[in-house]
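Enquirer: Listed here are the chains, written in short residue letters.
There are 2 protein chains.
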Amino acid sequence: MVKEWDIVEVLRHSRHDWLNRLQLIKGNLDLNRFDRAKAVIDEIVIEAQHESKLSNLNCPLFASILLKANWEGHSFLLEYEVLQESEILTINDVVLTSWTNSFFVCLNSAIEAFQENHLSITIDLQKDGIRFFFDFNGIIIKNELIEQFLNDPNSNEMNITVKEFFENELALEVFMPFI
Amino acid sequence: MVKEWDIVEVLRHSRHDWLNRLQLIKGNLDLNRFDRAKAVIDEIVIEAQHESKLSNLNCPLFASILLKANWEGHSFLLEYEVLQESEILTINDVVLTSWTNSFFVCLNSAIEAFQENHLSITIDLQKDGIRFFFDFNGIIIKNELIEQFLNDPNSNEMNITVKEFFENELALEVFMPFI
Numbered sequence: 001m002v003k004e005w006d007i008v009e010v011l012r013h014s015r016h017d018w019l020n021r022l023q024l025i026k027g028n029l030d031l032n033r034f035d036r037a038k039a040v041i042d043e044i045v046i047e048a049q050h051e052s053k054l055s056n057l058n059c060p061l062f063a064s065i066l067l068k069a070n071w072e073g074h075s076f077l078l079e080y081e082v083l084q085e086s087e088i089l090t091i092n093d094v095v096l097t098s099w100t101n102s103f104f105v106c107l108n109s110a111i112e113a114f115q116e117n118h119l120s121i122t123i124d125l126q127k128d129g130i131r132f133f134f135d136f137n138g139i140i141i142k143n144e145l146i147e148q149f150l151n152d153p154n155s156n157e158m159n160i161t162v163k164e165f166f167e168n169e170l171a172l173e174v175f176m177p178f179i
Numbered sequence: 001m002v003k004e005w006d007i008v009e010v011l012r013h014s015r016h017d018w019l020n021r022l023q024l025i026k027g028n029l030d031l032n033r034f035d036r037a038k039a040v041i042d043e044i045v046i047e048a049q050h051e052s053k054l055s056n057l058n059c060p061l062f063a064s065i066l067l068k069a070n071w072e073g074h075s076f077l078l079e080y081e082v083l084q085e086s087e088i089l090t091i092n093d094v095v096l097t098s099w100t101n102s103f104f105v106c107l108n109s110a111i112e113a114f115q116e117n118h119l120s121i122t123i124d125l126q127k128d129g130i131r132f133f134f135d136f137n138g139i140i141i142k143n144e145l146i147e148q149f150l151n152d153p154n155s156n157e158m159n160i161t162v163k164e165f166f167e168n169e170l171a172l173e174v175f176m177p178f179i
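Protein sequences appear in the order of chains U and L.
Just so we're aligned: 84 in my numbering is position 84 of the first sequence, and the numbers increase by one with no gaps anywhere.
Just so we're aligned: 87 in my numbering is position 87 of the second sequence, and the numbers increase by one with no gaps anywhere.
Rather than coming from a laboratory, the hints here were simulated on the basis of the structure.
A few of these clues could be false.
Unchecked claim - Below, a list of computed lysine-lysine pairs in the DSS-like style, where the Cα atoms sit at most 25 Å apart:
#1 U/LYS142 / U/LYS127
#2 U/LYS53 / U/LYS142
#3 U/LYS26 / L/LYS38
#4 U/LYS26 / L/LYS127
#5 L/LYS163 / U/LYS53
#6 U/LYS68 / L/LYS53
#7 L/LYS26 / U/LYS26
#8 L/LYS68 / U/LYS68
#9 L/LYS53 / L/LYS68
#10 U/LYS38 / U/LYS26
#11 U/LYS38 / L/LYS26
#12 U/LYS163 / U/LYS127
#13 L/LYS68 / U/LYS53
#14 L/LYS142 / L/LYS53
#15 L/LYS127 / L/LYS163
#16 U/LYS38 / L/LYS163
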């Protein structure tokens, strides 16, 4: 799933997403649900604030893969939230991005396509590093691929804690220290 | 004004533009101007349709510089419209983009900054090629730079007609044949 993205294509996807959001506002206005339309706008603004905080995290490679994840035809829908404002401090963006890419590939192979599969990433800036909570909810059909991935050398180099691992949930905590 | 754009930065600018549009909708809703809010949405959708048609023109380089023009700190505001739906036919994207880039640089040097300077580009697909109308309205203070630009070898290779050239208007028609 490696793909070169140019400006035209990035903006095409982004425009599509924004027009969908606009459609949601317009649909509510057409039904005279003015309060709901305002609430939709507030939700969109919050989503955009998370995007913005992600973009300011000082991890451009990691931010890029998260920003375009839902345009790449994964079998899961990605959501993320960034709990604090950014710091000037830096983590190893290359290592984190490479591991996250591999995790996405693994997840795509391990889960049942066309189901309600959600991956939520919570990003928690702490004193000495950043804690990432990867929380998958959906249908895992190939447990062994995930076990294999978690035991492979790339994962071993990371500071990973498996919090939950069931048929329909996988929760990982990854800690990346500041460098 | 050459700048490498990555996904994070492109989406940062795009998000900023979309949040401004959203603010315009929200402002009208807060004042109970529901019809005006709907009209704003309709205007945004039309603008997005022009962006979309531009992106489908088969000129990715030219589309890129137009899509990001208003993020690059030019002394003029760019608007554009694409009159027809795209065709599979192709023009020389590299030549057009190079000339347009030079035109933007020339215009930035020739006009008075911090004034109401507008450049409108109308793109008209025709049978044998694409006709581009570059229409500048604003304050031109260095006519000689524009004359020089229009007489230089790059411009001579293009099919350019000067329609208007006054202190506060410059209108050029550029024809690019299909290849």
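Enquirer: Decide, hint by hint, whether the structure agrees.
Expert: Hint by hint, here is what the structure shows:
1. U/LYS142 / U/LYS127: violated (37 Å)
2. U/LYS53 / U/LYS142: violated (34 Å)
3. U/LYS26 / L/LYS38: holds (7 Å)
4. U/LYS26 / L/LYS127: Status violated; Cα separation ~37 Å.
5. L/LYS163 / U/LYS53: violated (48 Å)
6. U/LYS68 / L/LYS53: Distance of about 22 Å is within 25 Å: holds.
7. L/LYS26 / U/LYS26: holds (12 Å)
8. L/LYS68 / U/LYS68: Judged against 25 Å, a Cα distance of about 19 Å means the pair holds.
9. L/LYS53 / L/LYS68: Distance of about 15 Å is within 25 Å: holds.
10. U/LYS38 / U/LYS26: Since the Cα atoms of U/LYS38 and U/LYS26 sit roughly 11 Å apart, the hinted pair holds (cutoff 25 Å).
11. U/LYS38 / L/LYS26: Between U/LYS38 and L/LYS26 the Cα gap is close to 7 Å, so the pair holds against 25 Å.
12. U/LYS163 / U/LYS127: holds (22 Å)
13. L/LYS68 / U/LYS53: holds (22 Å)
14. L/LYS142 / L/LYS53: violated (34 Å)
15. L/LYS127 / L/LYS163: holds (22 Å)
16. U/LYS38 / L/LYS163: violated (47 Å)
In this structure, the hints that do not hold are numbers 1, 2, 4, 5, 14, 16, in rising order.
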